[in-house]
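Colleague: These protein sequence lines are chains A and B, in that order. Each residue of the first sequence is one higher than the one before, counting from 1 in this note's numbering. Each residue of the second sequence is one higher than the one before, counting from 1 in this note's numbering.
In case anyone wonders, no lab produced these hints; they're calculated from the structure. All C-beta atoms, glycine included, are put in the ideal place defined by N, C-alpha and C. It is possible that some hints are incorrect.
Some chain A residues well away from chain B (every beta-carbon gap over 10 Å; in silico) [claimed, not checked]:
id	residue
1	I46
2	R84
3	L207
Listed next, with one range per pair, are the computed distances between beta-carbon atoms [said to hold, decoys possible]:
id	chain 1	residue 1	chain 2	residue 2	range
4	B	K80	A	A264	15 to 25 Å
5	A	R114	B	K74	30 to 40 Å
6	A	R216	B	L181	31 to 41 Å
7	B	K74	A	S297	38 to 48 Å
8	A	P80	B	D116	47 to 57 Å
9	B	K80	A	D248	51 to 61 Å
10	B	P23	A	P80	51 to 61 Å
11	B	N340	A	K110	51 to 61 Å
12	A	S132	B	A66	48 to 58 Å
13	B	P23	A	S119	13 to 23 Å
14	B	S321	A	R216	49 to 59 Å
15	A	R114	B	S100	30 to 40 Å
16	A	K110	B	Q178	36 to 46 Å
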Amino acid sequence: MAFAAFATTEAQPQTARRKSPIALFLLLPGILYLVLFFLTPLISLILTSLQAPSEFGDIGVYDYAFNWQNYVAVIESYWPHILRSFGYALLATVFALLFSYPIAYFIGVKARRRPLLQSLLLVLVIAPFFISFLLRTLAWKQILSDESLIITSLKALSLLAPDAYFAGTPFAVVFGLTYNFIPFMTLPLYTALERLDTRYLEAGSDLYANSFTVFRKVTIPLSMPGIVAGTLLTFIPAAGDYINASRDFLGGPDTQMMGNVIEANFLVLLNYPAAAALSIILMAAILVLVGVYVKRSGTEDLL
Amino acid sequence: MSIREFAESGADLELVGIQKRFPGFTAIEELDLTIPAGSFFALLGPSGCGKTTTLRLVAGLEEPTAGRILIGGKDVTDTKAHQRPVNTVFQSYALFPHMSIIDNVAFGLKRRRIADAEAKAHEALKLVELDHLAQRRPAQLSGGQQQRVALARAIVNRPALLLLDEPLGALDLKLRRQMQLELKTIQEEVGLTFLHVTHDQEEAMTMADTVAVMNKGAIEQMGAPEELYELPRTAFVANFLGKSNLFTGDVVGTTDTAMTVDASGHRITIATARAQRHQGLVTVGVRPEKVTLHAEQPEEVAGRNLLGPGRVIDVSFAGVSTEYIVAVPGVGTISVFAQNMSFGPVAHEGSEVWLSWDVEHGFGLSDEPDESSRFPADADTQSIAVQRREALLTELEGS
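If we strip away everything but chain B, and leave its shape as in the complex, we get:
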């Protein structure tokens, strides 16, 4: 594919056995990844997990220590950055401060000697609704406007593959939503392949067709956002992508449809098909919004897990929903999200409650339980902080 002409459509991206070592540390252990043409793919992970390095490798700004990179079936591992049919929306935007907005946007077109560069640049600016600022300098624009210019500067080149490095990081919530929508529209209209790198799980889930969760230089799990959310395979994914209540215990009974785990005397049942491992010590979990809060002890119902009694130790009201933290002796704290169907919280701090959830809503993880308790030390996300706190609370209760 010549860089002298526009890409007709998106191209496949294939990473084969990629390794990247920097002096003193390994950014990417071993990465194999195929992104089909025309898809919107998100690499999600905490900072330092190697996702930005992956992006830079694809852009040609770094060289892999080992492995091959193929774009549209063509090996570009040894191709220089300026010869790859790839454009990047940088996290810092990196708009040239000495050029006007229009010159910034037309820069790539002019380098490729594409006719009517200025006119095409104006079109791209119209797409992001900034054509009236074409003569300004980047410093005269707000952060959100600069971000849109950076986007226009990349998509005007019609690359086969568009790389987005935390493109919405600096925007406020409203602009973020607007840009998310715009990106999605552009992607559908133009049919480019998007590779989006972010640490924001919401951004990844709302925008991408496929999300790959990356941790410590390797992909933990990959799939459609719903799949990743509803059926996480590892504790890292379960906690990085939303919140999870996790229980560890021995498997005490397995049938074709249900598997029961004994977590410190509490029996928790999940669907066998939704568990990764079926014997020994396993970790199972359930999402907080799947859990129902009961003020009085409900009757045991087949197909539902019942836990309790527990005590509400924290209530945080968030408008549309309320999060309750319930301490259940023996299993630690459990988080419950409840829609605010009536006015205000239905339970208060200190009240005694029971918890129940559908057996079908649970999931079983594949990690060794001691592995899952080891990971909080070296990642830096909010969910890990929550887990840490939960671990501390459990410890305090135990003593």
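This is chain A alone, in the form it adopts within the complex:
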């Protein structure tokens, strides 16, 4: 009896994997959804990016073609925006990481024995989500504007130079990006640090590592999945963001990012192929950067 049971459990998974149509059936809605709402628009986007202006048409009328020069053209005219996008996103990610790690460490490790404090702090991290992203960014625009109470008082106290300003500067945009994406960094970091077994830290200090070395050699590697998840969740949307850098919010003419030029090409200039080509470039660049990053950070062989 026992032997028979043992034998069947050994053999079963393989036959189940080979024959069962149930798995495919269960996957079908998901596959259909992806084909309909992801693959189709993606193909449409690629086709649009290769369109050429219609010979006799009006502005904004394009014909299907294989006009790959669109890509050359957008890179030529928008390369500063492309670089700026990734530069700002990188800065925002680094600042968000530096800012979030101590918060996440405190909530996930130090506050472990006080669940009430832990929950309260987590709510505080998530709380900004209860207010619209646009409203919060507008609020920062008010705070950073030249006439705001904070800026004028800082100037009155001579903590700021009289001609200093923030509105429309790269500082304001990176600040806005950092601020808006901090929860996306803090939460994955918290999940990773919350699971961190402090006995490893004790083992580290028992093995002659001072607290900085323990942090560098044990805490950081063990929280790597959280760091990778957090930086991706911050970097990807930040690179494509067009709210913070927009002139209506925290940006100025010199801070336009890819999202802004895509928006302008699509809605104002009606240059759909250029907008589509920029979108494809943004997507491809992010895919390559993320791929290299994930491979380099070696998260695949973390537990």
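Go by the hints and put chain B onto chain A.
Modeller: Just chain B, lined up with the frame of chain A:
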């Protein structure tokens, strides 16, 4: 002693007036302890008795509320964990999951910038016969292998003092024996001071030169394993370290050599020198394997205690020996271990038997008897469960 170099030999460990209070409870009341260099010392006690806290205090992972810790004569009370010449084999092993086995073992050496860290780590792994797994991750190893890696990771540092926190707890019997032997060999070869914390009395007795039995944050008794076993001083030690049959009664006669106790009408004599207290209400005892079972009433012999008749209420055959539980009216149940010299048990449930043992084999405890009957409530060992059951049986018989 600098942590940059290997310890030449083991160091003395001295705990002076150690107290440790956590919010809400006291883990260690008042602890004074000296462990001479090069010895293998075991702290034995039930869970929650403060033994692991003691270990953590020595390792520097906790700070004492009061008292001083000296290693090799040097006060390390205020020294941080990473600066103490001490290594720990953790109960959970705590191998770094993100590092290979070799990196785990070399971790301490690299932190101290000791030359040839990798080579020394390989040597340590060879010692525990795991060098062929050097490139694996801890998760790919079995529990026993992880345990050996944890040991290698600690001893490779040649600490003056090696702390072992229930190091054999997760191993099966065969691996346990193997590791016990290995630990002992290493200790003899290297001459380190070992402080071993365990709740397993067998582990403590087979490995340590000196065993300290800890209960409720204080040491009850300390000594060589044989001494603790043959001459326990308190009921806790008598029951925690093996089993004991205990009898309480008034002392009715004392000579230079023998002391007689009246336990509910039964006269029990022990050697005067083996008793802690010589008057009033005392508790005396005898180990189950010292008691002989008789199927017929034997003749009274000078120098032997005779108890009976009693009835066998339980027989459990354990291969090499058989344990008989005998109910003797008035004194409760008595446990007898008998070697299986012939085939099978010599008495059966329900048979009438007599018990005898040498006067020299008894021991007298120092606790106040009401104290000894009070303790079962707050410890959690098997022996206490047995005592509890015995108490219940006595109660049932009495009614």
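Colleague: Confirm or reject each hint.
Modeller: These are the hints, each one checked on the structure:
| no. | hint | result |
| --- | --- | --- |
| 1 | I46 | 40 Å, holds |
| 2 | R84 | 36 Å, holds |
| 3 | L207 | 4 Å, violated |
| 4 | K80/B to A264/A: 15 to 25 Å | 59 Å, violated |
| 5 | R114/A to K74/B: 30 to 40 Å | 37 Å, holds |
| 6 | R216/A to L181/B: 31 to 41 Å | 38 Å, holds |
| 7 | K74/B to S297/A: 38 to 48 Å | 43 Å, holds |
| 8 | P80/A to D116/B: 47 to 57 Å | 53 Å, holds |
| 9 | K80/B to D248/A: 51 to 61 Å | 54 Å, holds |
| 10 | P23/B to P80/A: 51 to 61 Å | 59 Å, holds |
| 11 | N340/B to K110/A: 51 to 61 Å | 59 Å, holds |
| 12 | S132/A to A66/B: 48 to 58 Å | 57 Å, holds |
| 13 | P23/B to S119/A: 13 to 23 Å | 21 Å, holds |
| 14 | S321/B to R216/A: 49 to 59 Å | 56 Å, holds |
| 15 | R114/A to S100/B: 30 to 40 Å | 36 Å, holds |
| 16 | K110/A to Q178/B: 36 to 46 Å | 41 Å, holds |
Consistency with the previously given hints fails for numbers 3 and 4, ordered from lowest to highest.
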